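Chains as they are written, first to last, in this note's numbering: chain H, 1 to 449; chain L, 1 to 488.
In short, the hints are calculated from the structure, not lab data. One or more hints might be untrue.
[Unchecked claim] In silico lysine-lysine, DSSO-like type, Cα no more than 27 Å apart, as pairs: (1) L:K376 <-> L:K388; (2) L:K164 <-> H:K152; (3) L:K477 <-> H:K286; (4) H:K323 <-> L:K376; (5) H:K228 <-> H:K286; (6) L:K350 <-> L:K90; (7) H:K250 <-> L:K31; (8) H:K21 <-> H:K37; (9) H:K323 <-> L:K420; (10) L:K25 <-> L:K14; (11) L:K479 <-> H:K250; (12) H:K323 <-> L:K477; (13) L:K167 <-> H:K154; (14) L:K14 <-> L:K350; (15) H:K152 <-> L:K388; (16) H:K323 <-> L:K167; (17) H:K152 <-> H:K286; (18) L:K477 <-> H:K250; (19) H:K154 <-> L:K164; (20) H:K323 <-> L:K479; (21) H:K152 <-> H:K323; (22) H:K37 <-> L:K234; (23) L:K350 <-> H:K37; (24) H:K155 <-> L:K167; (25) L:K376 <-> H:K61; (26) H:K21 <-> L:K376; (27) H:K12 <-> L:K376; (28) H:K21 <-> L:K350; (29) L:K479 <-> H:K286.
Note that the structure is a prediction, hence the values are computed from the model and not measured.
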Amino acid sequence: MRYIPHTAGDVKHMLERVGVKNLEELFVEVPESVRLKRPLDLPEAISETELLRELKVLAAKNATPSTHMSFLGGGAYHHFSPAAIDMLISRSEFYTAYTPYQPEISQGTLQAIFEFQTLICQLTGMDAANASMYDGASACAEAVLMSVRLTKRKKVLLSRALNPRYRGAVATYCMYLGLELVEVAVADDGRTDLADLAAKLDETTAAVVAGYPNYFGVIEDLSALSEKAHEAGARMVAAVSEPIALGLLKSPGELGVDIVAGDGQSFGLPLAFGGPYVGFFAVRQKDVRGMPGRLVGETTDLDGQRGFVLTLATREQHIRREKATSNICSNQGLCALVTTIFMSLLGKQGLREMAEQNLAKAAYAREQLAGVKGFSKVFGSPSFNEFVIRSQEPVADVLGRLEEAGILGGIALGKDYPELADCFLVCVTEQNRREEIDALVAALQGGAA
Amino acid sequence: MTVVGTTGLVLNEKLLFEHSDPGRKGYSLPKLDVPAASLPAELCRDEIQGFPELSEVDVVRHFTRLSTWNYGVDSGFYPLGSCTMKYNPKVNEAAARLPGLSDIHPATPAHLSQGILELMYRLQTALAEVSGFDRVTLQPAAGAHGELAGMLVIRAWHEARGSKRSKVLIPDTAHGTNPATASLAGYDVVPIASEGVLTLEEVEAHMDDDVAALMVTNPNTLGLFETNIEAICKLVHERGGLVYCDGANLNALMGIARPGDMGIDVMHFNLHKTFSTPHGGGGPGAGPVGVTKALIPYLPGPGVARDGDSYRFESDNADSIGRLLAFHGNVGILVRAYAYIRSMGGEGLKRASQMAVLNANYIRARLEGVYDLPYKRRSLHEVIFSDKDLEGGCHTLDVAKRLIDYGYHPPTIYFPLVVKGAIMIEPTETESLEVLDEFCDAMIAIAGEAKENPDLLHQAPVRSRVRRLDETTAARKPKLIWQEQGDG
Numbered sequence: 001m002r003y004i005p006h007t008a009g010d011v012k013h014m015l016e017r018v019g020v021k022n023l024e025e026l027f028v029e030v031p032e033s034v035r036l037k038r039p040l041d042l043p044e045a046i047s048e049t050e051l052l053r054e055l056k057v058l059a060a061k062n063a064t065p066s067t068h069m070s071f072l073g074g075g076a077y078h079h080f081s082p083a084a085i086d087m088l089i090s091r092s093e094f095y096t097a098y099t100p101y102q103p104e105i106s107q108g109t110l111q112a113i114f115e116f117q118t119l120i121c122q123l124t125g126m127d128a129a130n131a132s133m134y135d136g137a138s139a140c141a142e143a144v145l146m147s148v149r150l151t152k153r154k155k156v157l158l159s160r161a162l163n164p165r166y167r168g169a170v171a172t173y174c175m176y177l178g179l180e181l182v183e184v185a186v187a188d189d190g191r192t193d194l195a196d197l198a199a200k201l202d203e204t205t206a207a208v209v210a211g212y213p214n215y216f217g218v219i220e221d222l223s224a225l226s227e228k229a230h231e232a233g234a235r236m237v238a239a240v241s242e243p244i245a246l247g248l249l250k251s252p253g254e255l256g257v258d259i260v261a262g263d264g265q266s267f268g269l270p271l272a273f274g275g276p277y278v279g280f281f282a283v284r285q286k287d288v289r290g291m292p293g294r295l296v297g298e299t300t301d302l303d304g305q306r307g308f309v310l311t312l313a314t315r316e317q318h319i320r321r322e323k324a325t326s327n328i329c330s331n332q333g334l335c336a337l338v339t340t341i342f343m344s345l346l347g348k349q350g351l352r353e354m355a356e357q358n359l360a361k362a363a364y365a366r367e368q369l370a371g372v373k374g375f376s377k378v379f380g381s382p383s384f385n386e387f388v389i390r391s392q393e394p395v396a397d398v399l400g401r402l403e404e405a406g407i408l409g410g411i412a413l414g415k416d417y418p419e420l421a422d423c424f425l426v427c428v429t430e431q432n433r434r435e436e437i438d439a440l441v442a443a444l445q446g447g448a449a
Numbered sequence: 001m002t003v004v005g006t007t008g009l010v011l012n013e014k015l016l017f018e019h020s021d022p023g024r025k026g027y028s029l030p031k032l033d034v035p036a037a038s039l040p041a042e043l044c045r046d047e048i049q050g051f052p053e054l055s056e057v058d059v060v061r062h063f064t065r066l067s068t069w070n071y072g073v074d075s076g077f078y079p080l081g082s083c084t085m086k087y088n089p090k091v092n093e094a095a096a097r098l099p100g101l102s103d104i105h106p107a108t109p110a111h112l113s114q115g116i117l118e119l120m121y122r123l124q125t126a127l128a129e130v131s132g133f134d135r136v137t138l139q140p141a142a143g144a145h146g147e148l149a150g151m152l153v154i155r156a157w158h159e160a161r162g163s164k165r166s167k168v169l170i171p172d173t174a175h176g177t178n179p180a181t182a183s184l185a186g187y188d189v190v191p192i193a194s195e196g197v198l199t200l201e202e203v204e205a206h207m208d209d210d211v212a213a214l215m216v217t218n219p220n221t222l223g224l225f226e227t228n229i230e231a232i233c234k235l236v237h238e239r240g241g242l243v244y245c246d247g248a249n250l251n252a253l254m255g256i257a258r259p260g261d262m263g264i265d266v267m268h269f270n271l272h273k274t275f276s277t278p279h280g281g282g283g284p285g286a287g288p289v290g291v292t293k294a295l296i297p298y299l300p301g302p303g304v305a306r307d308g309d310s311y312r313f314e315s316d317n318a319d320s321i322g323r324l325l326a327f328h329g330n331v332g333i334l335v336r337a338y339a340y341i342r343s344m345g346g347e348g349l350k351r352a353s354q355m356a357v358l359n360a361n362y363i364r365a366r367l368e369g370v371y372d373l374p375y376k377r378r379s380l381h382e383v384i385f386s387d388k389d390l391e392g393g394c395h396t397l398d399v400a401k402r403l404i405d406y407g408y409h410p411p412t413i414y415f416p417l418v419v420k421g422a423i424m425i426e427p428t429e430t431e432s433l434e435v436l437d438e439f440c441d442a443m444i445a446i447a448g449e450a451k452e453n454p455d456l457l458h459q460a461p462v463r464s465r466v467r468r469l470d471e472t473t474a475a476r477k478p479k480l481i482w483q484e485q486g487d488g
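Go ahead and model the full structure; you've got the sequences and the hints to work with.
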C-alpha cells in the first residue's frame, strides 16, 4: 500500500526491537471482549485509476454552473476565482502544515493569517478580526454568544430577513443556555421593521442581528438598526454572507456595528455542495479580549526581526478550558488563505468592479423578469445581487420548467417564508452572461406548458 | 548519523500592504455586458482604505515566498501527538477538484445532486462500520464542532426524558475542547483524576443523579487504551448517564476494536487526523459524529437517506437539535476522506492502525532510558516522555526548539497537563523505519547535547528563518493588524 512504507523485513526488525513476538502483542491492553473478531465490512480497496473513474461517474450525476445556467444564491455564490489561487494553496507547505503552534517554522501561515485579519478589518471597517471560523452561520452564532457574555443579558433579537440557516445555527448554539430568541418582522420594503425592533428592544437585549445584505438581497439600514440597539445597550451584529457587496456598500464598521460575522466563500472558494467555506469575525477594539477564535499578533524574535505568533491564547480552549470564549480549535485556515489571496489579486479596484458588475447584472435581470407577464418584483428597497420575484404560476412548476430548459432559476422561498410561498429568490453574479439572463427571461415567457 | 536539517537561502518578504502600489492590478474580468447600475450615494462606501493594489506577479511571489517559511508533512516528519499528521494522499486532492464535485451549489435540487449525495451516504455508512455506531452525521466542520453536536444530542436525549442533569465528568487528561464544549452545552464540568487510565472507582465516586455524561478519549491522550471502558460505560448507563468519546485517537484502533462495541454512546471523528485529509495550517477539517440507535432522532441534520437507487436529504425531524452550519458540512473534505477509505479498504485501514502502533512502540523502545517514560503500560499509537532526566537546565521547550535545527517539526509539548514537561510523540503509519531511526538518532543526540553543550538547546532554533519569538510582548501589547502609520 503506497501510503504505508513498511516491508516484511522492517516489521520483523521492529518487532524484535520492541520486544514482542507479533503485532497482536502490541494490542495486549485492548480487552478480548471488545476486540473486533471479523474484518471490517468495507468495499475492497481500489487503485488510483479505478477511484478516479468511480468518482467521475458520481460527479457526472450532479448539476453545476457548467451543465446548467445557475441563478442560485441564498448564502453560497458562484463567482470568479483566479487561477493563481489554487496553484498557491496547492503548495504543500501551506496545505499539509499544522496549526502554527511552533511559530519559528510556521511564519508563512502566521504572516498570511495576519494579512487576512488586516484585510477583513479594512473590508468591514472594524478594529480586529480572528483567524477564521467554520462558516458564516456558526460565526453568527458565536457573535450572539459573545454579545450575551459581554452584556450578561439573555434576550437576542434576530431579523426575520436574516438568512434562515444562520438563524437555525444560532438557535442550535443557544438551545440550552437559557436564552430568549425573538424574531423581528420584515417591513413591506424588505428591510427589518424598525418599529417592531423598537417595540421588542429593552434592557434585557444582548444583541440585534441582521443580514447585510439580508436574505432577500435587500440592503438594510444598519445605521438605524445600530442606533436603536445601542440606545438599549445591546450589541449590533451584522451578518455578511455575500462580502462582494462590501466592494461597494458602506462598511458595517462605519455604520455603528459592534460585531461583523460573515462568510468568505464568495472570495475564491468553490461551491463544493456547501463547504468548506470560511467564517470571518470582526470586532471593535474594546471587545478584543472577549472574542472567540485564534488571533495572530506581530512581534519580534531574539535578533529583533519581525515575526508573527498566535497570541491572546488565554481566551482559548487549550488554556482556559471550560471558561474559554469558545471551544473552537481547528478553524478553516486554508480557506482563509484562499480569501487572502483573492483579496490581494482583486484589490480595492477589482472588488469594486466586481461588485458593480453584480449590481448591474442583477438590476438588469430584475427589470427583465418583472416585465414578464405573471411575474413581479416584491421588495422596493435597493438590493445587491439577489432579489425576490413573485409568480402567479406555482413556484414549483416555474422552477421545474426552467430546469427542463437547462436553468436553475432560483430558490423557492415558501418553506422558510410561508408568506412568500408564491415567491422565489434569484441571484445574479458577474458570472452570469447577458445571454444567460436573456435565456432565463425567454424561458419564463414560454409560459406554463 | 544522517542530519536532516541544514542551512539554505530563504527569501524575505514584506507584508502585502507594504508592497502595494496604486494602479497595480492582479485580476481580469470580462467587460460589463448589461447597462451599468448604481445605488443611492448614501449607501456607498469610499474606496477601501489600506486594501492593497498588486499585480499577479507580486501576489504569486509573495505567497510562494511565504510558503517557503513553513514546514508541512510533505517537508518531513511531523510527530505531533494526538494530531495524527499522516501523509495527505494526492489523488484525494484531485478527487475533491473534479468538476461535478467541486462546483455544485448546496441548494441544487436532490435529483440533480445524486452523485454527491451517494458519496456522502457511502461515507456515512463506512464511518459507521469502522466505529461500530448505528448512524453518522457528516455535518460538523471540525472535531470541536462534532463534540458540540454530540453533547447537544446527549442533552436532547436527557431533556426528552425530563431529566434535568447539570454536570459532565471529564478526565484531567482531556483535550481542552472537551470542557469548553461541555460549557457550551450548558453543563458544569467536574474534572476527575486518572492515574494513567480511568478506574471504575474514580468514575463511581463521581457518578450521581446529576451527571448527564462522562466524556472520555480512547485511547487516551497518554496513548493508553482505557482498559476499564466497558465496566465504566455500564456503570454510567446504570446511573442514567451517557458516554461521549473524543475520537481523535481512532488511528490506533481501526479494524482492531470499535468504540461503538465498548458501550460508548456518541463519538466524533476527526477526518483531518484518522482519515488523511490535510490540516491546511489550521483547517478545514471535518468532525462527523456517530451515535447509537437511541440517539439517532436528535442528530443535527438533515442527513442523507437512501431509497433504493436514489438519494435524498432526510425530511425535517422535530427532535433534531437542528443545524450547526449553513449547509451540509465541509463536503470537499468529505470527498477526500471517502477517496482515502476507498483507496485503503478495510484491510488497509487495519494495517494503518497496526503500523501506527508499531511505529510508536519502536520509538518508545529506542528512546526509553534516554528520556523519562512516565507510564509503563503498553503504548498504542502515541508515546509520552517527560524532561525529568534532562540535564544542563534544559526543558521540554528547549528539546522542541533544538529538534527544529535538526530538521523536524517538534512533537506535542506540555500536553496533557498531568505529565510535567510532556513530550507526546505520534509518528503515524505513513513514516518509514528510516525516518524513525533518523528521528530517534536526533532525539538521542539532543539529550547528549543537553549534557555536553546545553547552550545549543537554549539558543535553538538557529537554522530557522526567525529565532525564538517574544510571545509575552505579543500578548501584553497585541498588534493584530497592520496599520498605515508607524509600521516597520
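Now for the hints, and whether the structure bears them out:
1. Taking the CA atoms of L:K376 and L:K388, the gap is about 15 Å. The hint holds against a cut of 27 Å.
2. Annotation: proposed proximity of L:K164 to H:K152 holds, straight-line Cα distance about 23 Å (limit 27 Å).
3. For a cut-off of 27 Å, the pair hint linking L:K477 to H:K286 stands: about 14 Å separates their Cα positions.
4. Proposed proximity of H:K323 and L:K376 is contradicted: the alpha carbons are some 33 Å apart, above 27 Å.
5. In summary, the hint linking H:K228 to H:K286 is supported, as the alpha carbons are separated by about 20 Å, within the 27 Å threshold.
6. Restraint check: the Cα-Cα separation between L:K350 and L:K90 comes to about 21 Å, which is no more than 27 Å; the hinted pair holds.
7. For the proposed pair H:K250 and L:K31, the alpha carbon gap of about 25 Å is at most 27 Å, so the pair holds.
8. Restraint check for H:K21 and H:K37: the C-alpha separation of about 20 Å stays at or below 27 Å, so the hint holds.
9. At most 27 Å may separate the alpha-carbon atoms for a hinted pair to count; H:K323 and L:K420 meet this at roughly 22 Å.
10. Only pairs whose Cα atoms come within 27 Å are accepted, and L:K25 paired with L:K14 is accepted, the gap being roughly 18 Å.
11. Between L:K479 and H:K250 the CA atoms are separated by roughly 25 Å; this keeps the pair inside 27 Å, and the hint holds.
12. Restraint check for H:K323 and L:K477: satisfied, since their Cα atoms lie roughly 23 Å apart, inside the 27 Å limit.
13. Distance hint between L:K167 and H:K154 is fulfilled; the C-alpha atoms sit about 22 Å from each other, no more than 27 Å.
14. Simply put, L:K14 and L:K350 have alpha-carbon atoms about 47 Å apart, too far for the 27 Å limit, and the pair is violated.
15. Restraint check for H:K152 and L:K388: not satisfied, since their Cα atoms lie roughly 45 Å apart, outside the 27 Å limit.
16. Simply put, H:K323 and L:K167 have alpha-carbon atoms about 15 Å apart, close enough for the 27 Å limit, and the pair holds.
17. Under the criterion of a C-alpha separation no larger than 27 Å, the hint pairing H:K152 with H:K286 is consistent with the structure, at around 16 Å.
18. Between the alpha carbons of L:K477 and H:K250 the distance comes to roughly 30 Å, so the proposed pair goes past 27 Å and is violated.
19. Between H:K154 and L:K164 the CA atoms are separated by roughly 20 Å; this keeps the pair inside 27 Å, and the hint holds.
20. Our distance criterion of 27 Å between C-alpha atoms is met by H:K323 and L:K479, whose separation comes to about 24 Å.
21. Restraint check: the Cα-Cα separation between H:K152 and H:K323 comes to about 15 Å, which is no more than 27 Å; the hinted pair holds.
22. At most 27 Å may separate the alpha-carbon atoms for a hinted pair to count; H:K37 and L:K234 meet this at roughly 21 Å.
23. Restraint check: the Cα-Cα separation between L:K350 and H:K37 comes to about 12 Å, which is no more than 27 Å; the hinted pair holds.
24. For the hint pairing H:K155 with L:K167, the CA-to-CA distance comes to about 25 Å; that is within 27 Å, so the pair holds.
25. Under the criterion of a C-alpha separation no larger than 27 Å, the hint pairing L:K376 with H:K61 is inconsistent with the structure, at around 54 Å.
26. A C-alpha spacing of about 19 Å is found between H:K21 and L:K376, which places the hinted pair at or below 27 Å, so the restraint holds.
27. As the CA atoms of H:K12 and L:K376 are separated by approximately 23 Å, the hinted pair is consistent with the 27 Å bound.
28. Of the supplied pair hints, the one linking H:K21 and L:K350 holds, its CA atoms being roughly 19 Å apart against a limit of 27 Å.
29. The hinted pair formed by L:K479 and H:K286 meets the criterion: a straight-line CA distance of about 14 Å does not exceed 27 Å.
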